[in-house]
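**Q** One letter stands for each residue in the lines below.
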Amino acid sequence: MPDQPYEPGGAIAGTGAGGAMDLAASEGASLEQHPSAASGGRAPGGPKGTGPFGPDASAAAGGRARSLGSDAWRDLRRNPVFLVSALIILFLVFISLWPSAITWESPLQCDLAKAQEGSRPGHPFGYDGQGCDVYTRTVYGARTSVTVGVCATLGVAILGSVLGGLAGFFGGTGDAVLSRVTDIFFAIPVVLGGLVLLSVVTSTTVWPVIGFMVLLGWPQISRIARGSVITVQQNDYVQAARALGASNSRLLLRHIAPNAVAPVIVVATIALGTYIALEATLSYLGVGLKPPTVSWGIDISAASPYIRNAPHALLWPSGALAITVLAFIMLGDAVRDALDPKLR
Amino acid sequence: MGRYVIRRLLQMIPVFIGATLLIFLMVNVMGDPVAGLCGDRQCDPATAAQLKKEFGLDRPVWQQYLTYMGNVFTGDFGTAFNGQPVTELMATAFPVTIRLTIVAILFEIVIGITLGVVTGLRRGRPVDTGVLLVTLVVISVPTFVTGLLLQLLLGVEWGWIKPSVSSAATFDELIVPGLVLASVSLAYVTRLTRTSIAENKRSDYVRTAIAKGLPRHRVITRHLLRNSLIPVVTFIGTDIGALMGGAIVTERIFNIHGVGFQLYQGILRQNTQTVVGFVTVLVLVFLVANLLVDLLYAVLDPRIRYA
Amino acid sequence: MRGAPHATWVACAAALTLVATACGGGAAGSDTGAVLSSSWGDPQNPLEPANTNEVQGGKVLDMIFRSLKKYNPDTGQAEDMLAEKIETTDSQNFTITVKDGWTFSNGEKVTAKSFVDAWNYGASLKNNQKNAYFFEYIEGYPETHPDDGSKQTAETLSGLKVVDERTFTVRLKQKFSSFPDTLGYAAYAPLPQSFFTDHAGWLKKPVGNGPYTIESYAKGSQMELRTWEDYPGPDKAVNGGVTLKVYTDNNTAYTDLMAGNLDLVDDVPASQLKNVKSDLGDRYLNTPAGIIQVLAFPYYDKDWNKPGSDKVRTGLSRAINREQITETIFQRTRTPASDWTSPVLGEDGGFKEGLCGDACDYDPEAARKLIEEGGGLPGGQVKITYNADTGSHRQWVDAVCNSINNALGNEKACVGNPVGTFADYRNQIGDRKMQGPFRAGWQMDYPLIQNFLQPLYYTNASSNDGKWSDEKFDRLVDEANAETDPAQAIRTFQQAEEVVRDNMAAIPLWYQNGSAGYSERLSDVRLNPFSVPVYNEIKVS
Chain A
1 MPDQPYEPGG
11 AIAGTGAGGA
21 MDLAASEGAS
31 LEQHPSAASG
41 GRAPGGPKGT
51 GPFGPDASAA
61 AGGRARSLGS
71 DAWRDLRRNP
81 VFLVSALIIL
91 FLVFISLWPS
101 AITWESPLQC
111 DLAKAQEGSR
121 PGHPFGYDGQ
131 GCDVYTRTVY
141 GARTSVTVGV
151 CATLGVAILG
161 SVLGGLAGFF
171 GGTGDAVLSR
181 VTDIFFAIPV
191 VLGGLVLLSV
201 VTSTTVWPVI
211 GFMVLLGWPQ
221 ISRIARGSVI
231 TVQQNDYVQA
241 ARALGASNSR
251 LLLRHIAPNA
261 VAPVIVVATI
271 ALGTYIALEA
281 TLSYLGVGLK
291 PPTVSWGIDI
301 SAASPYIRNA
311 PHALLWPSGA
321 LAITVLAFIM
331 LGDAVRDALD
341 PKLR
Chain B
1 MGRYVIRRLL
11 QMIPVFIGAT
21 LLIFLMVNVM
31 GDPVAGLCGD
41 RQCDPATAAQ
51 LKKEFGLDRP
61 VWQQYLTYMG
71 NVFTGDFGTA
81 FNGQPVTELM
91 ATAFPVTIRL
101 TIVAILFEIV
111 IGITLGVVTG
121 LRRGRPVDTG
131 VLLVTLVVIS
141 VPTFVTGLLL
151 QLLLGVEWGW
161 IKPSVSSAAT
171 FDELIVPGLV
181 LASVSLAYVT
191 RLTRTSIAEN
201 KRSDYVRTAI
211 AKGLPRHRVI
221 TRHLLRNSLI
231 PVVTFIGTDI
241 GALMGGAIVT
251 ERIFNIHGVG
261 FQLYQGILRQ
271 NTQTVVGFVT
281 VLVLVFLVAN
291 LLVDLLYAVL
301 DPRIRYA
Chain C
1 MRGAPHATWV
11 ACAAALTLVA
21 TACGGGAAGS
31 DTGAVLSSSW
41 GDPQNPLEPA
51 NTNEVQGGKV
61 LDMIFRSLKK
71 YNPDTGQAED
81 MLAEKIETTD
91 SQNFTITVKD
101 GWTFSNGEKV
111 TAKSFVDAWN
121 YGASLKNNQK
131 NAYFFEYIEG
141 YPETHPDDGS
151 KQTAETLSGL
161 KVVDERTFTV
171 RLKQKFSSFP
181 DTLGYAAYAP
191 LPQSFFTDHA
201 GWLKKPVGNG
211 PYTIESYAKG
221 SQMELRTWED
231 YPGPDKAVNG
241 GVTLKVYTDN
251 NTAYTDLMAG
261 NLDLVDDVPA
271 SQLKNVKSDL
281 GDRYLNTPAG
291 IIQVLAFPYY
301 DKDWNKPGSD
311 KVRTGLSRAI
321 NREQITETIF
331 QRTRTPASDW
341 TSPVLGEDGG
351 FKEGLCGDAC
361 DYDPEAARKL
371 IEEGGGLPGG
381 QVKITYNADT
391 GSHRQWVDAV
401 CNSINNALGN
411 EKACVGNPVG
421 TFADYRNQIG
431 DRKMQGPFRA
441 GWQMDYPLIQ
451 NFLQPLYYTN
461 ASSNDGKWSD
471 EKFDRLVDEA
481 NAETDPAQAI
491 RTFQQAEEVV
501 RDNMAAIPLW
511 YQNGSAGYSE
521 RLSDVRLNPF
531 SVPVYNEIKV
541 S
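So the protein sequences, as listed, match chains A, B and C.
Residue 1 is where the first sequence starts when you use the UniProt record's numbering, and the numbers rise one by one after that.
Residue 1 is where the second sequence starts when you use the UniProt record's numbering, and the numbers rise one by one after that.
Residue 1 is where the third sequence starts when you use the UniProt record's numbering, and the numbers rise one by one after that.
One thing to keep in mind: the hints can contain errors.
Claimed, not checked - Incomplete in silico selection of chain A near chain C, CB under 7 Å:
(1) W104
(2) C110
(3) G118
(4) G122
(5) L154
(6) G155
(7) I158
(8) L159
(9) G193
(10) L195
Unchecked claim - Here are the computed lysine-lysine pairs in the BS3-like style, where the Cα-Cα straight-line distance is at most 25 Å:
(11) K306(C) x K369(C)
(12) K383(C) x K162(B)
(13) K126(C) x K85(C)
(14) K412(C) x K433(C)
(15) K52(B) x K277(C)
(16) K219(C) x K114(A)
(17) K162(B) x K311(C)
(18) K274(C) x K52(B)
(19) K412(C) x K290(A)
(20) K173(C) x K52(B)
(21) K274(C) x K290(A)
(22) K52(B) x K109(C)
(23) K109(C) x K205(C)
(24) K114(A) x K205(C)
(25) K114(A) x K472(C)
(26) K53(B) x K383(C)
(27) K290(A) x K277(C)
(28) K162(B) x K306(C)
(29) K352(C) x K472(C)
(30) K205(C) x K311(C)
(31) K161(C) x K113(C)
(32) K53(B) x K161(C)
Said to hold, decoys possible - Calculated Cβ distances over 12 Å to all of chain B for the following chain C residues:
(33) G57
(34) F196
(35) D431
Hints were generated in silico from the structure; no laboratory data involved.
Cβ coordinates follow ideal geometry from the N, Cα and C atoms, glycine included.
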């Protein structure tokens, strides 16, 4: 890694990977972990030793054997923020699968005579500019919007953080190549990319749109992940683990990833909302989802010019979008907290 | 350090060639632009052929690309369909856009980081929840609507600003557009800072600093903030492109004749010369921005060193 | 013969010349020195008269040029402007005499040569003039503008001859009795010598012979026009000048008008129409323009060109609730169409309200029946193709589809099919790739019924995008063109229009109006039939 030369410890880590590695690593773990655990406000007294090192650390410290994952899960279940967000997400999944469970009309049933009318019995959210029922469309829009938002975010987050993380960790030529590739991707204007890549697709499903978002979205997460990994791997516990001979994959997965993931989660949860909106932009360019798809983004865009006359047509789909984003931001926060040993 | 910068600058050459080639091909794939020039009617074939010849569209793509690149190195970026040289378009659009971007980034830095620090230090308090709600509004209401409402309110109802920006586009005119443009990014910056601050405020060096008896604001700015800024700086680095090239909506609302509009127009009219010219300059901006971000890493975290 | 003379589609709306008589007697409080500001869009092409085929460039040409004829803003009739007389004995050879005393704003005299040189320039292939086809009826056009892509063999039109300083002759390649009426179009404007000697300089700051002169022109941001004090014509401007400001979005222009930063917006955004009364009171214009919107069909697709297809088309037409869509979506800035022309023609000009009859009346019951009789919708679904980038077509296409779906009781009967860019849309039409009805709009070049029919429906006409072809229609149009009695010609054209109706060659949707809003400073604002403000009549206080 010519750009960021390893500290001397790193060089040793590269050479020694013997049978004593586990023990050594757990030594390092307990050394590193105790002060942190003690500093954590919520540490229930005593050296629990559930750090980023997981089972080894806990085993060495003599506590119950729990993995980082199970530990985080235990934390999560007790976190009200997590529970609320999980409930909202479950509800969104439910209406995405069975929208007709809570609606009684078709979202494509529109009567222009009722255009922009406000709330009335049986139509609590009023009508949009085409005279379609806003409530029905908001419920039906969930399927497309949640699918696009979640899948695009997951795709972007996974692809971006894997590539960015590896680039940040290994540095060198790989990093240079990847970083320059991201530069090129940043240069592609969304409008141009959409018109070129999506106009040739004839599929009427959401997948080309999601694929397109992943293609143009990963460079950003990749940069964030790279920056985060570069910082985290300077930390003492990483150096220590390296010095004690931890393998690269172990370093990345056990030590770096849990500590570097926070910015990725933050960016991804907000990006979720912007992807749902981006879907509408693409549809408006005539290259996104083909009519008569119902989605929040499309309804929000359609209602935007009429904000002065019929704000309700904008309010409800926007509100649904806001709640979805809120749920995922809360989920992200809870997951991040659960992964952070310093908060225990 | 010096060698590192030189190496990075040399890397710009392949990126430059790759990006221009990619964009060139993409605009070409969109098809024949001449059909769009005659309005809603069939272009008469002779004029269409003549126009194609003039824009060099009758030759194979690789030949077009080589000719274009050859011209670029002599400073000739070609001509837009309305007969204006692309360099002239760039000379009017880029200064405006750069000013707008500066305003937006200043907002991101000042408001975003301040809110991030405040919410990060007071997690779960009302101020944190309030900022979260504003964040949600900003994400879920399109820029078009926020921009339009601000324009109506400040420009028409209260008369504080002019609803549209004049062609001079001075900094003071760009304050409201800059805020609108920065709004979504503000949400990112705030939450990134908040998370970093919340994470780092329990770290050893902060406790040490507090234990040493340093004043609170000094601990926050010197120790806490500095170590929390890396993700934020990274984000702002990646955001410059979106701010410069993708400000179409903001530019339209406030009638700013900047890069976003020219690029959008060029793409819709499939004008290779305009699009490739503008994107080329944008690529250079990204490269420099990313280099600066990487150098800032070393400034913010002294443990990161570049050879 | 390729198509009809001088057709222009809506996107490249031809903006034509202005007023007949200058508005005499300034009202009290009007200031002849005051300058008004008006919204503008960046012209797509260099501002040459024969190269400007859209309304924004046309707006400027309107102000800085006067041609032999100009169209009366009320009646649309072509009236003499620079022409002293246009004489012909055989409808093929014309002798044109230019009035004395006209000059360009740089002092150069407007002579017969100014016209002949300008027309030769416009017709010459090497100059890339997009309106070159306007000269195709003049003898010698195939030599200066060979259609097959071969090299042009002549620089000038052999049919144009300068006789003396004020007289020139035009020889057409065929009889064309209404040729003089087309001469109001901007492409026929005279050009000063500086256009040819210093072309780049002229483009930076065009010089013409109209009531305004260009003071400064900053491409992409604004143009300052000032009243030309020594303008020799009868329609001298009553204000001090016009500042055209480029807006990339008409919404912003409208907001600027409300805030008092702009005097005139000649394109009120559809989304604001509902607020226009409260925002502007009666300072709002909504007047008919010579524009009609139709749905065309691909007759090269055998699904749309088989026995019974006409019933399906008529059924679709009857499934569209034009009244409701124009009311709700367009806030009455469109009028439901009941023929294939435009109300601006007037009854005498060939407009015949209700010519479409039942076929344009909304009747879901009849629509269902007709479509069933015609063998149902091809493929069970119609896709209305439109381009998504210009104009807000999505809205009305969605509304039309909803109307059809409701009428047929099938939610999937009709969907919109957006195409990303206008160029792509035009390419798809040119490549005959349309699979169902597609949006088509027509803005007249001059107010003649011929202009609404021949370019669109004559076999292989230049704007017959659906490639509809009908012998009877062609025969009637030929007959009408040869007719010397105008009234009889119009009757024959109307018979041809009935053929269009009986086949439902295209579904007429609505006539488009021009709309404008203006500030309290202005009075006497009006729009001509080409939906361009009559700037020289506007009084500023």
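**Q** Among the hints numbered above, which are violated by the structure, and what are their numbers in rising order?
**A** Of the numbered hints given earlier, those the structure breaks are 1, 3, 4, 5, 6, 7, 8, 9, 12, 13, 15, 16, 17, 18, 20, 21, 22, 24, 25, 26, 27, 28, 30, 32, 33, 35, listed in rising order.
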